[in-house]
Amino acid sequence: MINKQNNKLGWLFASPYIIFGLVFFLGPLLWSLYLSFTNWDLIAPTYDFVGMDNFKKAMHAPGVQASFWVTYKFMMLFVPLVIVMSLGVALVIQGLPKFKSVYLIGFFLPYLSSGVVASLIVQGFLSYNSPVNEFLRKTFGLNIDWLGTPLSALFIVGLILAWKFTGYYALILTSGLESIDKEVYEAAAIDGVTQGQRFWKITLPLLYPALYTTLILAFGVTFGIFTEVYQLTGGGPNFATNTWQMEIFNQAFTNLQAGYASAIAIMASIVTFISIFVIRKLLESWGKRNGWV
Amino acid sequence: MKKSRYSLLVAVTLLGGTMLTACGSGGNGGQSANGVTTIEFWAAPNPSQQAFWQEMAKEYATVNPDVKVNVSAIKESPSSEASIQAAIAGGNAPTIAENINRGFAAQLSNSKALVALDDLPQFKEIVESRNMTETIAPWEFADGHQYVLPIYSNPMLIGWRTDILKEIGYNEPPKTYSEVLDATKKLKAKYPDKYMWGKGADLADPTAWKRWFDFFLLYNAASDGNKFIEGQKFVADDKAGVETLTFVDDLRKANGILSQNATDPFENGVGVFTDIGPWTFDLWKTKYPELKYGENYTLTLPPVPDDMDPANAKTYADAKGLVIFNSAPEASKEAAAEFLKWVYSDENHDVAWFKQTNLPPARDDLNELEGFKQILAEKPELAPYAAAVSKGVPAMDNPKFNELQTLIGQEAFTKVIRGQIDPQTGWNNMKKAIEGELQ
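Line by line, the protein sequences are chains V and R. Numbering (the working numbering) for the first sequence: 18 to 310. Numbering (the working numbering) for the second sequence: -8 to 430.
Hints are supplied without guarantee of correctness; some may be wrong.
To be verified - Going by beta-carbon spacing under 8 Å, a handful of chain R positions derived as facing chain V:
| id | residue |
| --- | --- |
| 1 | ASN252 |
| 2 | ALA253 |
| 3 | GLY427 |
| 4 | GLN430 |
FYI, nobody ran anything at the bench for these hints, they're computed from the structure. Don't be surprised by glycine CBs; every beta carbon is placed ideally from N, CA and C.
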């Protein structure tokens, strides 16, 4: 009797999330899947089922091919950058005698900032007639088209994202560092370990659970990049920063091809799912190989 | 046990669904129980345009109390086109929307979302009373219908920094390709950090609409307004197209193009020329009050190839208009047509529009009516626009205009700007890609 009542209560408490998931995730996912087999623009009174045509078209579209590779380029740039930065911040904060949480909040603030505003500030900062570029031109004769060169455009977007997410990941890593027993460090100090050995042999292995979470989150971010690219480069130059979200947006809201955009969205979901699965397995095997889990 | 669990889940889901449904919008404006017909009017998200339509709605309420015109701004999240698309899909489309260009109208009409205005009994009267027979003629769509009632037509002009030109020995702006290239050499010799075409990153951005304000400006001038696409055919003037790209390429080789991100390069004197629309002047009044028409800048038609007459150059017309949506209730559609007939039966409404927005009304008698003459005397910078209305070529009316114009950038224009392709190959690649898209 109590079990039955507990079950009902359990379902009742879980129901808001279940409804939310059904309405805002499962429903749109199924609708998107249906749309991906049509040529509908959401406006026309009639539409046709086009089978796999949208998927075939997407496979050969330069914009879609670019989004596939651009995501991994961002991954190679953003993930090491944000992990090194957040780990650095976490280690510095952990070593502070007091006001740790104040500093943590300070670093966390960029995460709450608007991507649009941050992008506009960066845009002004890097414009041809900004003080920075005036200085570079007049002092070193350098005229750099920061957002018009593929590599620097990728780097700038990656850097903004790293700035935005460093504080958030540092928060996770700080809690991981705080959970490491201080006695381990004391014992190591008695044994005469160096600072480097202390980090590689104690901190990193014991931080692995927090690092694992942070890495998965960071890899996930690269599949959803939109605002910064939309504001700064529009996916250019020559698709050099064209992410999945940018391509889906252009097809759905500029070209009004909801069916085709849905097919790209489904492809993006599959690629994301497979990539995260593989990355997760690699991280787990890395942990197991070193005996950290 | 299992049954009750499922019943509970179903009940909770239904409850949630009902709540969400209740949150949704109900109806989109038609005739209410008290006999008042509502017109939902989506105005451009520009305060002066919004204010004009709100005034019209207020005045119309006194003339016709049985009709209520609700004016609101088109939401721009993520874009006004996307908002309209979402509204139609969600069954919440307005009765009328303004700020619609021909390309987007072609997309909408292709999906049967728009009322063919020429089928309305009021249409002929509106065109005649507004004196816009000639202006509306090129707005006819490939299927022979008129889906957009043009409100304004901005012939895009080239703004020249005459103060900088004077410093390099020019008392008036160069008009032909050779003259522009010659001026570029002199500019670079004196000011290596300044550029002749100082537009910034838009030139290297393949986004479709940006081609209206660079490629089509020059192409329309070089081709004497030859169409680019007609129906489903690529009919562009190859010679003029290659000439346009060659001019751009020559200007790039002379280091005369600023195609990287820059803050207001024309206004800040980094660039000598750029495209200027009349909406710019109100902004300049507060942000760049030092810019004065006739003193340190002037406006001209785009430069042309050496063998053409610059005085008769064509340009791109940034023109937008009103549409009536098919999904609106019949009573609202009928009331909307009557409302538009009322607005455009009085020329003073167009005078008020011009005064408030700086956007030249799409009518044939812009330079003749006293009201317009007064405004042009007060704002001399608008006079070149009024004079060039007949030189403006509106955008293509192809439902795939976004894809097609993206290809112009991707295959030819932005590549030439970056020096990644020669003009002839760029043109050939673009033509092939566009013809493929049109099939």
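The hints, checked one at a time:
Look at ASN252 of chain R: its Cβ gets to within about 5 Å of chain V, closer than 8 Å, so that hint holds up. Checking ALA253 of chain R against chain V: minimum C-beta separation of about 4 Å stays under 8 Å; hint holds. For GLY427 of chain R, the shortest C-beta to C-beta distance to chain V is roughly 12 Å, which exceeds 8 Å, and the interface hint is violated. Proximity of GLN430 of chain R to chain V is violated relative to the hint, the smallest CB-CB distance being about 13 Å (cut-off 8 Å).
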